[in-house]
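Residue numbers (our numbering), protein chains in the order written: chain A, 1 to 513; chain B, 1 to 578.
No lab work stands behind these hints: they were computed from the structure. Any given hint could be a false lead.
[Stated by the list, open to error] Lysine-lysine pairs mimicking BS3-like chemistry, simulated, CA-CA at most 25 Å apart:
#1 A/K440 - B/K545
#2 A/K365 - A/K452
#3 A/K365 - B/K549
#4 A/K365 - A/K440
#5 A/K440 - A/K372
#6 B/K554 - A/K365
#7 B/K545 - A/K365
[Unchecked claim] Here are a few chain B residues that face chain A, going by a calculated C-beta distance under 7 Å:
#8 Y541
#9 P548
#10 A553
#11 W556
#12 L568
Idealized CB from N, CA, C, for every residue including glycine.
The chain contents come next:
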Amino acid sequence: MFEQHFPVLPIVLPLIAAPLCMLLGRSQLAWLLATIVSGISFCIAVSLLMVTLDQGVLSYALGGWEPPWGIEMRLDVANALILSVVTGISTLVLVYAKDSIATEIPQSQHTLFYTAHLLCLTGLSGILTTGDAFNLFVFLEISSLATYTLVSLASDRRALTAAFRYLVMGTIGATFILIGVGMMYMKTGTLNMLDLAARIGEFEYNRTLNTGLAFILVGVSIKLALFPLHMWLPPAYTHAPSAVSAFLASTATKVAVYVMIRFIFTIYGAEYVFYSMGMDVILLVLAIVAIFNCSFVATVQSNVKTMLAYSSVAQIGYMILGISLVTTAGLMAGLLHIFNHALMKGALFMAVGAVFMRTGSADIKAFRGLGKTMPWTMAAFTIAGLSIIGVPLTAGFVSKWYLVTAALEQQHWMIAFLVLIGSLLAIVYIGRILEAAYFKDPVQSASDKTIKEAPLMMLVPMWILAVANIYFGIDTSLSVTAADAAANWLFEPSAQAVFQSASQSASELGAAR
Amino acid sequence: MISSLLELLPQLPPFLPLLIGSLAAIFLRGHLRSVIMLLAPVWGALQLAAIDPGVYWTFQLLGLELEPVRVDKLSLMFGYLFHLAAFIAVVYALHLKDTMQHVAGLSYAASAVGAVFAGDLITLFIFWELLALTSVFLIWARRTDRAYGAGMRYIVMKVLSGVLLLTGAVIFITQTGSVRFEEIGLEHDGILKLGSWLIFIAFGIKCAFPFFHNWLTDAYPESTPTGAIFLASFTTKVAVYSLARGFPGTELLVWIGVTMACFPIFYAVIENDLRRVLAYSMINQVGFMVVGVGIGTSLALNGAVAHAFNDVIFKGLLMMSMGAVLHMTGRINGSELGGLYKSMPKTTILCIVGAASISAFPLFSGFVSKSMIMSAAVAEGYDYVWLALLFAAAGVFHHAGIKIPYFAFFAHDSGIRTTEPPKNMLAAMTIAATLCIIIGTFPAQTVYALLPWEVDYQPYDITHVLTQLQLLFFSALAFAWLNLRNMYPPELPSTNLDTDWFYRKLTPGFVVPIYYSVMQMMNKLERLANIGIRRLIRMSYDDDKNQPKGYFAKLWPIETMVLWVAFLLAGILILYYV
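Chain A extracted, bound-state conformation (with noise of 0.2 Å):
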């Protein structure tokens, strides 16, 4: 009886859980149910995405109104998957957090972090499940407003300045998105995703939805940090708080990767984006230019925190070069990637994290000596890394060979190529720290207290993930099977035409509306 009722639930709980934590007032009651609320939802979206692999497409009216009248949550193997991650990471990042923040926000805000991360969970989980474009941009800002105040919150002042050049980015962002959703408003009068996508294939060319179609991509391409709309997201990452930089890095460009891949391939259809358009093209110089200048400009930075930032938007290259490949191959290279991404960014600035917290810096120079000093945590550090350069038997090995293949499989030989070249400045990047880590004696600080191992509450979550790449490079089945059948499902137009057909004679009375 309940069950019916789970594809709504990763959304309900958290959004009622939030101002539940501010009311609670203690900071430890917050981290409890914020950290039970979540691991819950990680439960439901688990068995969501066991649902969705055996039976396909689970629809939800929400508050009983039929779709496309009401707001519709749909939920099939792609979005489930992704949903997995983001709970997933969700729960690990707030045990994490417990010792994490204790030392990078202030006692009195401690309530407020957790707030509006439940916040920020609500609205990603949100965007995933969600049936309707308008709906989409609601859970957007929902999430975008709890992510500016979550990198705000650091004690470094400079995270307001961070945080601000976020909001203004974010906000033009935001926007374009509403504009091009509003321009599809009016031509189509729908906001349902199946009902859109079923209007918008009755026309042949126009140019209001091509206009709207530009804002959106424009405006997602923002959210998701594509070169060179990716300004705002290293010093955001870099100043916000570990666990915070941890949990965005790991879930908010991955669900904005999701968004473009949900407007492109179910509402506007991959023939008119990419056959009518030629915007593979456009998306692969991007991507290309991307891993190249972000992995190069990585390999330059003193902070580590900017470093794995700029890798992100190189690593954000991949999966957007994963998807103008325009091949069911290579939107499943694209979607494995930010399953396997979620686990080594997330695992990578938990170390950093980590550091932090017991040097009271992340330049590379604080890595100096860590091999010894704190051994776990770089020892994690070297298994996500060695994962993010694409060594055989980890996770970041299978999805680098998914999208070589997949480019192979075009004949691409030049991007193939390109992409290993690209791992070799990953190399670079990681092997940087490696180094300072393992061969570099400790600089001699001022204070001479002895730097110790992080706290077990940060090293467990830390763990789970290193070895979640190590288990995901080795057992493929989970991950490759389900990225095999969503981008299958999205890219096969008889399998969405099912489903629009079903939607078909319910549009036609909702044009009436």
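Fit chain B to the given chain A structure using the hints.
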């Protein structure tokens, strides 16, 4: 009782007992180590007796269905053989205190067992490389400069073989979608043809095909006395196994095999280093097996694997006797030895048993397998092949059957007075010699019972025995006559040129200058690249302030970011309207 004991054993991958033995050898010392090292092959063989044919422990890796252990009659036969060989070699090496050799020897044997039970190409490749990596230490363990150089050349060839195998395997896996290691053959189209040839050459290098054989004659004589026993038993036999599984009935192999059987004879006759003579005769014996694989009938394939089985034992026996001579006298050149039968009578007798076996005397083990291959050649109409093999068989008797014992133990007295080798060496040789005679006398109950293919074959009929005896007697007559007339190539300290001259002398003389000029160019390019990279870094990293600089590395003001947004939006829109 034994069967109930077997049921008690847990199911383990076949290579594991030997591997555990080698790991134990790292930590244990003294008698305990000896006991463990002796038990490991016995335990391993018992494991084989307990395992049923089939495929075990399959798992998925990157969407490929790997079969790390596949048991069938062919792999079982080689499995038993390798455990037997490992046991004999361990007994022979017991007196050593060199941990490196013990560990390398047992893990080498473990890799060989792993390779013959590998059910897929990836597993095969892993054990293929392990074979190379573990065996090279048996050469380096001699700890001389020559051994080091030979070991390096050996490992380069082996790694090359591994790389070719991997490339071929990847082509096969991507084209056919199957990783199973089954019959490959050379008859393919397009890229698959390239893949099959790469795998063929990879097997060929390990099998010492002509022009790829130099690693064998180069490195084996440089290994330690005990290491040579391990080396002679595994690498080439794994290659023969792989050919028998991957390329049975490939006609090209017949001609390659005939060449291998014939050309080493000339080198073996003029070679002075007696262990190098044995290395050449090893290529010659492997040639017989390759012919058998190439003919591809069940009789021929049975002959090939049976001969591999016997060869490990009698070649091991000969190597052991020469190793004993080297161990006791410190010399191995025919010109410096002679007359040792007075001080080493037992070794002499055991060596003669080995010589009789390799020469295929009736009632000795070589006879029952060599005649299978020759009969198969006649049955399939390869008359010239049969003649060539006959010549090779006579040559074997000449260089291995007579020359080895004659120059080491008889000939002119060199004046060396020594004693019998350590007891464990004698014991190992006695085991091997006994096996040679038992297999030669009762083939049906021993080696034929293990053969993978059904065949009804009787070696002891009048034609076979008579032909062989005639051949042997005339060959012996030729040796005696040449020797009396002083026409037999005398044992001289000399260097004989083989095809490795091309890469050991021609390379330094001709290729090296080219190599240097190319290297110089590469260096120049590298320096330019270095300067370029340094300039790039200087442009993007401010050393004084310790922070990045450059347009993309510094933070943009908000208006710049917005400008980029506008620029991109405008770009896309313009693109739509044109």
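Can B/W556 be said to touch chain A, with a Cβ gap under 7 Å?
The hint holds - B/W556 has a Cβ within 7 Å of chain A, the shortest such distance being about 5 Å.
Take a quick look at whether A/K440 and B/K545 sit within 25 Å of each other, Cα to Cα.
Holds - the C-alpha atoms of B/K545 and A/K440 are around 21 Å apart, at most 25 Å.
Assess, step by step, whether the Cα of A/K365 is no farther than 25 Å from the Cα of A/K440, and give holds or violated.
OK: A/K365 and A/K440 at ~10 Å, within 25 Å.
Checking one constraint from the list: CA of A/K365 to CA of B/K549, max 25 Å. Satisfied?
Holds. A/K365 to B/K549 sits at ~18 Å (cutoff 25 Å).
Verify the interface restraint on B/L568: the C-beta must sit less than 7 Å from at least one C-beta of chain A.
Status holds, d = 6 Å.
Regarding the pair A/K440 and A/K372, is the alpha-carbon distance no greater than 25 Å?
holds (10 Å)
Does B/P548 pass the interface check with chain A, least Cβ-Cβ distance below 7 Å?
holds (4 Å)
Agreement of hint B/A553 with chain A interface, Cβ distance less than 7 Å:
holds (5 Å)
Could you grab the alpha-carbon distance between B/K554 and A/K365 and see if it respects the 25 Å cut-off?
Holds, because 20 Å separates the two Cα atoms, which is no more than 25 Å.
Is it true that the CA of A/K365 sits at most 25 Å from the CA of A/K452?
holds (17 Å)
If you draw a straight line from the CA of B/K545 to the CA of A/K365, is it 25 Å or shorter?
holds (14 Å)
Does the nearest C-beta of chain A fall within a distance shorter than 7 Å of the C-beta of B/Y541?
Holds. Min distance 4 Å.
Of the hints listed earlier, there is not a single one the structure fails to meet.
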